[in-house]
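Chemist: Keeping their order, the protein sequence lines are chains Z and X.
Take the first sequence: its position 102, counting from 1, is numbered 102 in the numbering used here, and each next residue is one higher.
To convert, count from 1 in the second sequence and add 1000; that's the numbering used here.
Check each hint, because a few of them may be wrong.
Pair ranges (Cβ atoms, derived) [stated by the list, open to error]:
(1) X:Met1175 - Z:Val275: 22 to 30 Å
(2) X:Ser1050 - Z:Arg282: 53 to 61 Å
(3) Z:Ser190 - X:Ala1172: 47 to 55 Å
(4) Z:Thr99 - X:Val1018: 14 to 22 Å
These stretches of chain Z come out as covered by chain X in the derived footprint (C-beta under 8 Å, 3 or more residues) [said to hold, decoys possible]:
(5) 14 to 25
(6) 111 to 124
(7) 215 to 229
(8) 259 to 273
Derived coverage of chain Z by chain X (criterion: at least 3 residues anywhere in the stretch with Cβ under 8 Å from a Cβ of chain X; other residues may be distant) [claimed, not checked]:
(9) 88 to 100
(10) 128 to 138
Note that these hints are calculated values from the structure, not bench results.
Idealized CB from N, CA, C, for every residue including glycine.
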Amino acid sequence: MNARLRRKAGLAFVAPAALFLAAIIVFPLGHAFWTSLHRVRGLNATFIGLGNYARLADDATFWHSLGVSFAFTASAVALHLSIGLALALVVNELRTARTALRIVFLTPWMVAPAVGATIWLWLLEPQFGVVNYLLRAAGAIAAPVAWLGEPGTALASVVAVDVWRGVPFVMLLMLAGLQTIPIDQYEAASIDGAGGWTRFRFVTWPNLRYLVIVATTLDVINTIRHYDIIGVMTGGGPAGGTEVLPALIYNTAFRGNRLGEAAAIGIALLGIVLVLAIVYVRTARLDDDRIVR
Amino acid sequence: MRRRSPARVAALWTFALVAAAVMVFPFYWMLNTSLKPASEIFASPPTFVSAQWSLDAYRTIFETRAIGRYFVNSLIVAVGSTALSVVLASLAAYGLTRFFPRGATPFVMFLLFTKMLPETLLIIPYFQLMSDVGLLNTHLALILAYSSFALPFSVWMLIGFFRSIPREIDEAAQMDGASVLQTFGRVILPLARPGLVAVALFTFLIAWNSYVWALVLTTDSSMFVLSVGIANMVGEYRVQWNELMAAAVIAAVPVMVLYSLLERHLVSAITAGAVKG
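Only chain X is shown next, with the shape it has when bound in the complex (with noise of 0.2 Å):
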């Protein structure tokens, strides 16, 4: 493995590079659009980099469009979805792996199961229950979904994290006096930080990210959140492709920042699972 000849190291970057450039292009095309004024949009050839670029789209579509307002429930949906998730995982998976060691099995095997059933599936009956009790076009009724979504996932790992942490430490917690919440609350969540905020970022992905749900349980166009909002300026009659794009951008970016902010983190944590053979 030590020696490699120069041709075949040029060969490697060249593969890399080639298909790292077919994977970024659509987001390049994203923002390059995005940035274009109307009139240049339909030239011909198209322009790689324009002479042109301005944020003129951005601004019409704060202006003109509910792109903020879409921006805004989806921020509550993903922010909403996060909180419920993490403090029912937590909860669970703490109350498994200390009092029901055995029982984390069968309940982890029921929780992969509801991660493999259909969405479309469960839409159906979700949208007939939430018109029954009136929850069409609500956030709480994205958050319950999506938490549903991500609590199983969040479950099993947090197990992890927990099972880690070693018990010796929870009875010095409890000789000392704390009560079990005590113990919960004040010393195993600040151990298990880097899981939580790996569950939490897994979370608010889901959420930020969803569309079909969104779709089937809001009518509103004031309740849409930006992936709906987003497809729907699709099925306009002449669609504004660099407003268009600008919206895209809009809903890439916040989730592209947290990656990278979080990449090490939250990619080995879902990765390990498969891995360890």
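With the rest of the complex left out, here is chain Z (with noise of 0.2 Å):
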């Protein structure tokens, strides 16, 4: 074939996905910059610039979600990634069992995150939750707990929610990351007389240390992103308590109707995750072998 039909032929092969992404994904980001630049009350739309960007700036809601966002964020991604750590040190291990301890530790990360939010609503409920009999019965509470009804528990527990759901994936990573090590540097260590804390901070850590980057900056991506958690356990209540900015957009374009508005939080979202997509592409020195999800 010459140089030209075989342009053609690989041409007609990308063109049906790269065609596809463009309107699915490229025509309605445009949109909704577009749609940001306006005001929005039903059908009627006003081009006002950037007003929806200077409101924001002046907006007690919006910083306050972007709080919300930075603390649900920074402690669920913390969590995730130190008993992550933990339990892929304890399953690398064992010698027995292995496969399917990996399942049973998967388990919450498959399950849809709307389905696994409604199991843990049941199970927080005040009144007749087996988590407040539970507590109560081993003396840490004294009367139940609304959990959801305040804004510091309520936070408190979609993190919770979010680690439990969160955990397996990146013990996975970690998992397949330490089984990358060579045994040949422990058994090394070991000759020198290396106990497990020395074994771990000189063999273990250094090998794994880029593989925990990558996985806290992917992480966060995610984390800062993920709505469908909260949105079903607390929609973002109590009183903007668990309010993170996926939240205030949905509330702000699907109660609130003011789709111009969520849309500029949503560029606004989009510009806080592209720096940290920036940050993870020069850490990961990026080529295309090592993307994940």
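Put the two chains together into one complex, using the hints given.
Modeler: Here it is as structure tokens:
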């Protein structure tokens, strides 16, 4: 085949996916930006330039929501990573039942977040929920707690559910990473008389550090965008206590019917994600062999 | 690493089992609750194993609620998304690896970018567009959305698979007189089957588990998928927890079965990218 024919054949293969993404992702993205420049009420849209963005800058709700997003993401990611790594280290040392354990640990991750959140609503139910029962039986609390009734405990609850859902994947990544560390490095360390901590400090950690950084960045990007758990459990309440940016976008757009403002918040969130993405691409020295999910 | 004291092994196992118990307990509680009669739901203390387990709650949700309908909707949407995404992704990945080996990297960077867009941002224009073209409350609107979300990862993963198939195989097929399309369909695709299975499963799960898109794009309750139907039951005046948990079981079990069957496949495919360091 000559070069021009090859080019044409190649384009014919790539075009459907490229056109599809252009129509379903790129065009809507442009449309979202366009919407963010308008005041939208029902079917009426008035062009107001950067008016929505100027409003956001003065909007206490937006800044509050940004703070909630930050608290939610920082605590969830820190817990995903630390618990995930600890579990991976443990499972990696076990010699039997590894596959069974891996499947068990993965269950929270494979089930729909919206369904997992529904189960947790029942577990956390104030009067008849089993969590309150177990905590009272253990003497940890004196009276039943309405977990989702107050901003503080509500935020802690949605973080806990997100940790439950998010730990498995991090554990899996870490486990895969641990298995790439050459055994002879551990043997050499043992011959030098290194104990458990020293082996972790000088063999495991240097080998794993790169993966931990990549996983953290990716996890931040995924967590800061996450909506489903909060959408089902609190919808952003009470009193905005769990209203992370995605929840604020949803509520502004589909409860408040202010699509223009919601789009502006969305673009702001996209800006944050893009900064994180640049960090990710630079730390991961990305070639196309190394993109996860 | 060889000598390990029994105490250390015991400690490791204790830690692993306690963690596993915490991970799985919510699912046990879901199952346990779904099997209880309504009267026992509000028993204090709660029963961890009931003497009266029955399938009544399951019968009720199929008879008095539209769970069957939601299930079929979820299935149509998930299968449709999977088919569309696998076709588009395998074509694109083959085209990129065979005809534009240099173009693959920028294209994949673009895919990565689309993967990072916040869902709640895209939903706004997507909702406006779908209502403009009259596709609200259709399976198609959801299928398009979910395929677009699964496509970037699918293309990326299949690029890896197609690259590992030597180009000499393509050339040999074409020497034997096969056209480009025949080479792709009859020779290369069968060789990439493990990759196709992983991509299909991945897309199916994304579509099956997705929530917020369906929440916005369907308002007619006969078009609800499972996740939306279930979350809506929570908002009812008086929540029937055993029925709600039975519905959750119905949403969760297919996913768990698929996973356990294909765990190795999917997991290694998903983690491979991050771990190659």
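Chemist: The structure should be examined with respect to each hint, and the outcome stated for every one.
Modeler: Tested hints:
Range check, Met1175 of chain X to Val275 of chain Z: about 51 Å between beta-carbon atoms, so the 22 to 30 Å window is missed. At roughly 55 Å, the beta carbons of Ser1050 of chain X and Arg282 of chain Z sit within the given window of 53 to 61 Å. Checking the proposed 47 to 55 Å range against Ser190 of chain Z and Ala1172 of chain X shows it holds: the Cβ atoms sit about 50 Å from each other. The hinted range of 14 to 22 Å is satisfied by Thr99 of chain Z and Val1018 of chain X, whose Cβ atoms lie roughly 20 Å apart.
Remark: the region 14 to 25 of chain Z is confirmed as covered by chain X, as 8 of its residues place a Cβ nearer than 8 Å to a Cβ of that chain, reaching the required three. By the rule of at least three residues with a Cβ nearer than 8 Å to a Cβ of chain X, the coverage given for the region 111 to 124 of chain Z holds, with 13 such residues. Residue count for the region 215 to 229 of chain Z with a Cβ under 8 Å from a Cβ of chain X: 6. That meets the three needed, and the coverage hint holds. Taking a C-beta to C-beta cut-off of 8 Å, the region 259 to 273 of chain Z contributes 8 residues in contact with chain X, enough for the three needed, and the coverage statement holds.
With 5 residues carrying a beta carbon less than 8 Å from a beta carbon of chain X, the region 88 to 100 of chain Z meets the three-residue requirement, and the given coverage holds. Only when three residues or more bring their CB closer than 8 Å to a CB of chain X does the claim for the region 128 to 138 of chain Z stand; here the count is 4, and the claim holds.
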